[in-house]
Structures are given as structure tokens and as C-alpha cells.
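Take each chain as given, in its own frame, and dock them per the hints.
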Amino acid sequence: MSEAIVITSGKGGVGKTTSTANIGTYLAMKGYKVALVDTDIGLRNLDVVMGLENRIVYDIVDVVEGQCRLKQALIKDKRFDGLYLLPAAQTRDKSAVTPEQMQKLIGDLKEEFDYILVDCPAGIEQGFRNAIAGADRAIIITTPEVSAVRDADRIIGLLEAAELHNPKLVINRIKMDMVKRGDMMDIEDIIDILAIDLLGVIPDDESIIISSNKGEPIVMDERSLAGQAYKNLVERLLGNNVPLINLDMGNGFMDRLKKLFKLA
Amino acid sequence: MIKEAIKIQGTKEGLVIVLEEDVDIETLKEKIVNRIEKSLKFFEGATLTVRVKSLNVKEEKLQELKDFIFDKYGIEVWVKNFQEKHIKNVTDDEIFNGLEEGITKFHKGTVRSGQVVKYHGNLVIIGDVNPGGLVQAAGNIVVMGTLRGIAHAGFTGNKEAVIVASSLRAMQLRIANIISRAPDKDDASDYPEIAVVKKGKIIVKPLYHLNDLW
Chain A
1 MSEAIVITSG KGGVGKTTST ANIGTYLAMK GYKVALVDTD IGLRNLDVVM
51 GLENRIVYDI VDVVEGQCRL KQALIKDKRF DGLYLLPAAQ TRDKSAVTPE
101 QMQKLIGDLK EEFDYILVDC PAGIEQGFRN AIAGADRAII ITTPEVSAVR
151 DADRIIGLLE AAELHNPKLV INRIKMDMVK RGDMMDIEDI IDILAIDLLG
201 VIPDDESIII SSNKGEPIVM DERSLAGQAY KNLVERLLGN NVPLINLDMG
251 NGFMDRLKKL FKLA
Chain B
1001 MIKEAIKIQG TKEGLVIVLE EDVDIETLKE KIVNRIEKSL KFFEGATLTV
1051 RVKSLNVKEE KLQELKDFIF DKYGIEVWVK NFQEKHIKNV TDDEIFNGLE
1101 EGITKFHKGT VRSGQVVKYH GNLVIIGDVN PGGLVQAAGN IVVMGTLRGI
1151 AHAGFTGNKE AVIVASSLRA MQLRIANIIS RAPDKDDASD YPEIAVVKKG
1201 KIIVKPLYHL NDLW
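Taken in sequence, the protein lines are chains A and B. For the first sequence, the residue numbers in the numbering used here are 1 to 264. For the second sequence, the residue numbers in the numbering used here are 1001 to 1214.
Source of the hints: derived by calculation from the structure; they are not laboratory data. The structure presented is a predicted model; accordingly, all values stated were derived computationally and were not measured. All residues carry an ideal CB built from backbone N, CA and C; glycine is no exception. Keep in mind that a hint or two might mislead.
[Said to hold, decoys possible] As a list, the in silico DSS-like pairs of lysine-lysine whose alpha-carbon atoms are at most 30 Å apart:
#1 1159(B) x 76(A)
#2 76(A) x 1118(B)
#3 78(A) x 1185(B)
#4 1198(B) x 1105(B)
#5 175(A) x 214(A)
#6 1105(B) x 76(A)
#7 214(A) x 1201(B)
#8 1105(B) x 1159(B)
#9 1185(B) x 33(A)
#10 78(A) x 1205(B)
#11 1159(B) x 1185(B)
#12 175(A) x 76(A)
#13 33(A) x 1205(B)
#14 1185(B) x 30(A)
#15 1105(B) x 1185(B)
#16 1201(B) x 71(A)
#17 94(A) x 71(A)
#18 214(A) x 1199(B)
#19 76(A) x 1205(B)
#20 175(A) x 33(A)
#21 1159(B) x 1118(B)
#22 1205(B) x 175(A)
#23 180(A) x 94(A)
#24 76(A) x 1198(B)
#25 71(A) x 1159(B)
#26 1105(B) x 71(A)
[As the list claims (entries may be wrong)] With the Cβ distance kept under 7 Å, some of the chain B side facing chain A (calculated, not the full set):
#27 1098
#28 1102
#29 1171
#30 1181
Chain B extracted, bound-state conformation (with noise of 0.2 Å):
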């Protein structure tokens, strides 16, 4: 089967044109052309991004494109570099390798009881995880507040995940595939913690140890 060479996405961005395949400029323009051809009403006055794996052009050949395209269509046209994570998302049966430099969700706000917030990279809270709230990363996780829910980082595999609050009180803390529950005596820290697995058990330490993890 022949993969399809041009998709259209509806994006942040606007129209996104992604372009798997190695591209000449002969033959970007005539995708585009036709593409818009195919739909012109569509198109209209739009903005149109072109995402290619790489482009072997003159900057003046691009420009060409581009005012060509303007000036027979009244679409503007940018051609971006595609990236990865643009379209790929990790999924749920592949173990997230970007803890140290990866995709990352900032949510803002209290995570209440009931409420899962779920993300395929790293996240930090910016806000409170309240008792019976979950939040699940395939990466690290940060709480920049007290987390008091449950926190699952890693859920993808990587055992390597850590859990960070400015103040961890949580009910359960989950990294990988290993659980550990909060002590049934409440001895609650008001400085920052962290928490790692070592030996295959999650520890919890100050946060001005650091040292001695790593």
C-alpha cells in the first residue's frame, strides 16, 4: 500500500501539511498545488504550515514557492522543520526514556479528590494534589505544593522516575510498577522531598540530600 505523501492536520498551528518522505522543491510545490487545488475553497485565506522531514532548497527557491503560491492562491505558507513529538505520542506499552529532556505538562491548579490528571512525558503540578486526586506521568512528577493524593510516576516502566512535592505527604506513592503506601502515624516533613526507588523500594528523602541518591 502507498503510504498517503501529504496529511492535513488541523493544529494549534493552524492547517499543518506534513511531509514524511525527503522532498525536492519541484516536488513540494506541486503536493501543495495540488492539494489546494483539491480544495481551494478550503483553503482560503488560511495560513498554511508545511512541516517536512528535511528539505534540500535555496532559501530564494522557498521564497519563490511561497510568493507563488500567495499570489496565486492568497494563502500564506511556512515551511517549518517537522520534529517528532510534533505528531508522536509515547504510548501506554512504551517505557518513557525522557526524564532527564523530555515533553512535559505543566497543569496549573489543585488536583481534587476524583480527579486524574494523566500525562506521556514528565508533569509538574503547579498547585496541590488533594486526597483521593491521582496524577500519573510516564515521567517524573513535580509538586510545587503539598501532594497529598496519589502520584504514579514512570507508568509507563522506567523505574528511574522520581516524585518530587514541596511538601510530600502523599497517600500512596507509585514509581513503575512499584507501590508504597504513607505511614499509618502521621509524621509529616514541611521541607521539599523526593522520592526514588532504590533496591527495588521507593525511598523518601529530604530534598537537600541529594548526594546520597545519585
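Bound-form chain A, shown alone (with noise of 0.2 Å):
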């Protein structure tokens, strides 16, 4: 059964597009087919992340307005199959699209994949109601900061408005050493203001900004604490109990690992 998953925060920066790129990316590496979608109109990311940039020919506005076929306007992965991204327009804005085409879209897009990752905007207006609409559930993205923290508050708030019940928890870029000396919110402080489930903790990492410039997702750098980090969250997001990877900078196992391969 094919399931649409919108990525949402709020706030802007912290890592709804860049986290889009890894979910799906690692779904589709697991062998599942996998659209992503970026509602992003006007101010177009994934692409870049994904590293399809120079491939767009169509996009989302040309399929709502029949200018051209779904099949026409999907980009096909360069690196796996069963990956496909449908770019936003950047020389329209968020009007161009009402929920009610998003709805339909969706549908149409769920009779060919297994999941559907939508990538929406920041902000709470049309953007996100166009996002949001024809998801079946919710990933929330958000930063130890308590402004992204408020947003993402505010967001599931709307959600259920929405009826999107049960939306997930992913907490980006902690960085432990900062946690540790309480400069920084702790895991605990934003489970307990959000009170939703988590479903991933992303370590901070500067392989992430890198990998985004080369339009490669981090999941596919074997290496990389954050890739593993996303790996783990996909698997919890099929339903596998996957314990929380030691996130300790300094004698955690995997920080030792990481070590010992950036020394190979």
C-alpha cells in the first residue's frame, strides 16, 4: 500500500529539504519506489540537493495545468531506480497550485509508488495547506533551538486542524558536546514541549553541507555518522525498532568508528 509522507517544520533552514533527499533516497536504496515532490514553488531546493537540476523540464505547475504528463514532469534518478523527483516551478509562486489539484496530484502519484515524500515550504500559508493536502501522515523537523521548536509546536497544532493525527519527531543538527554542557535544548526538553513521538536524532555534521553542494544525499556516504542517523530514522519509519545511535562526541563507538575511517 503506497503512503504519502509530507516533511514539514515551520520554520525555514532547518532541514526539510536536505532530510527529503535522505528519506527518500535510502527508501529507494531499500529497493522501494519512491517520488519525491517539492512543493516548494518559487523557491525550488531539491533538486539541487538531489543533484537533478540540469535535468528539469517540467515541473509541477506544468502537470496541474495539463501543460504536460505526470510521466513527462518526473525526473528519474541518476543513481537509483524507482527514484523519482517532481520538481517545484521557480518562476511561479504558491498560488500556482490550490490543495485541491495538490489532492489530486498525490493521487495519481500513489498509483505508481510506494511512498511519496512532499516536500514543503516554511512558512504556515498556502505553501504549507498545499503541501500538507493528500498526505496521509506527518514528519516534523526540528532544530534544538527553541524558535524552531515553537514553529514546530504551531505546526502540529495545524496539522490536526488538518486531520493529519500522529505526526513524527526529527530532531536535526544536536550537537552533543554543546547538549552535554547545557548550552544547547536536550532531546528530553523537546519530546516534552511537543509531546509527539520521535521518530530520529540527526547529528550535526559538516559532511551534510558538503554532500548538499554535490547534490549527493548523505545516506549514500557509508561513512557518515549523519547518513547512518537517516538510515536508522527510515527504518523506524517502516516500523523497525531501531535504538537511538550513540550520539556522544568522544568515546562513543560509532564517533570511534568514524574516527578510525577518516584516519583510513
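Shown next as C-alpha cells:
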């Protein structure tokens, strides 16, 4: 049975697009048929993070306006079979698509794909309403900052109002050394406020920036801790029980392993 | 239906009367006077340009007419030859044939992400085209800067159209209905390049190998 999952946050820059790219890529690596849908019309990024920017001919607006068929607009990933991207339009704005059109579009995609991941724009306006229309589940991305958590809380409320229950939480860009020093919100603190299930915790990792710039999702990098965290997150999304990896910088097993590889 | 012989357009030149048929001096005078009489207030103090398709009158006759109108209405009249391009624009389904010599737009400034510069003629960009920016022309495209976005030349169907850039690092090049995308490996060159259609494909060559192209 296919499922449409919206990835949202409220606040901008917390890692929605990066998470969409990585979750989608790993699902495809596991053999699922996955469609990534960028709904950030006018400020598209997912194509860049996926390294597929130069392949765009048609986009989501062309599809809903009937300028092309859905299959023409879907860009096949250059690395993995079964992974496709439906890019946003860059020369239009959020009002070019309505929630009703999105619903139909997601419905059409469901006939072809196992998972449809919808990358939501920042904000709570039409772009957000478009992105959540047609979604079966929601993943909320936040960072350990008060402002990001505040926005995530607002989004959870809006999702409930839109009858999208049981969203899952991803805490992105956590720095364990700062948490230890008491300078950063702890995982516990965040869960305490938001009161939703935790799907995963992604450590702050410079290699994510490098991989985004190169257009190669971090899950493809065997050595990356963040990549491993995304893989575990996907396993949990699929219903498998995977413990949180030890993010303790300094003497954790993963950390030592990472250091070892970096030396190699 | 009788075509209106006299049209008034507001343009950069001020008020312009376009006469789409051949006229003699008497008809011309009659038409101008009629038009002015009809809406005298509107024309007061204005400069009036009359564009005619062809006019077979002597210069002094024309001067007489101008003087007459100036004295009577205080309006200065210019009579100019009407050229097709003044009112005619190529439409989306018409192939543009002015590649060698035709109307051209000069766009000054950077074309940024999400911006579109579209022109039904040749297009010169004095500036860069950034990733996510789109330049479209019915004719040729020349970018006097770095082309990093998408350029679509000959978009109304002319495959002879070319794309030239001082630095060609385009994400995609399109000529007529042919599309090519940048190679995934970045091997950008620092010299000017030209993109043309050869055997149904877009090829990119350095500008100093022009003899191979034509």
C-alpha cells in the first residue's frame, strides 16, 4: 500500500529538504519506488540537493495546468532505479497550485509509487496547505532551538486541525557536546514540549553541507554518522525497532569508528 | 465590415495615427481634421505623428497641411513612413526569421533565479544569467556575461538560432524543440562559446572555431 508523507517544520532552514532527499534516497536504496515532490514553488531546492537540477524541463505547475503529462515531469534519479523527483516551478509562486490539485496529483502518484515524500516550504500559508493536502502522514523537522521548537509546535496544531494525526518528530542538527554543557536543548526537553513520537535524531555534521552542495544525499556516504542516523530513521519509519545511535562525541563507538575511517 | 482607416495609438512618440491604406493629400487632410474635430480637447497641445503606408505627395503640399493644422488647432504634425515592425510582433506560433537581421532586445542586468526574460526577436543579455534564471528568444541569444541558467533560443521553432555566451555554464540549452543539459561533471571553460544545432543535436564549440560551423 502506498503512502504520502509530508515533511514540514514551520521554520525555514532546519533541514526539510535535506531530510526529504535522504529519507527518499534511502527508501529507494532499500528497493521501494519513491517519488519526491518539491512544493516550494518559487524557491525550489530539492532538485539541487538531489543533483538533478539540470534535468528539469517540466515541473509541478506544468502538470497541474495540464501542459504536460505527469510522467514527463517526473525526473528519474541518476543513481537509483525507482527514485523520481517532481520539481517545483521556479518562475511562479505558491498560488499557482491549489490544495485540491495537490490532492489529485498525490492520488495519481500513489498509483505508481510506494512512497511519496512531499517537501513542504517554510511558513503556514498556501504553500503549507498545498503540501499537506493529500498527505497520509507527517514528519516534523526541528532543531534544538527554542524558535524552531516553537514553530514545530504551531505546525503540530495546524496538522491536527487538518486531520493529520500522529506526526513524527525528527530532531536535526544536534550537537551533543553543547547539550552536555547545557548550552543546547536536550532531546528530552524537546519531546517534553512537543509531546509527539520521536522518529530520529540527526547529529550536526559538516559533511551534510558538502553532500548537499555536491547533490549527493548523505545516506550514500557509508562513513557519515548523519547518514547512518538517516538510515535508522527510515528503518523506524518502516516500523522496525532500531535504537538511537550514540551521538556522544568523544568516546562513543560510532565516533571512534568514524575517526578510524577518517584516518584510513 | 469596413476596416477603420484611422487608428490612434498612444506610444513613446506621443499620439500616433496609423493609416493602413494608401492615401492622397486630400484624404489625409480630411482624416486628420476629422479626427481632431472629434476630440479636440484631447489633442490640445499635443504632438501628433501620422504614420502612413505610402504617400504620394510633394513636400510643399505636406508642409501646407502641417501649417494648416498648426494654425487651426495648435497641434504639430509629423508624417512618417510606417514600418511593419512598429505595430507587428511575432506571435508564439510564428517562426522568427530575423536571425541575420531583425528586432533585438538588449536586457541590462543580471537575470536571477526565477526571473524570465522572453522576447519575440533576438535577445542580448548585458549581464549574467544565474541558475534558475530563464532567457527565451524567438531568435538568437547572446549573453555578455556568464550563462548559468537556462537559455532557449528560437523558441518559436527556428533551429538555426544560436546561443552565444562569454562564459557558457548553462544548466540547460534549448534551441527550438531540442534540449540538452549540462554534463554532470563540471568542466566549464573560460572562453566564449557558441551553441548550435547540428544533425538534430545541440553542440557547443569555442567561438574561435567558427569556420567549422558555417
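Notebook entry, point to check: Against which earlier hints does the structure fall short, listed by number upward?
Noted result: Of the numbered hints, 6, 12, 13, 15, 18, 20, 22, 23, 26, 27 and 28 do not hold.
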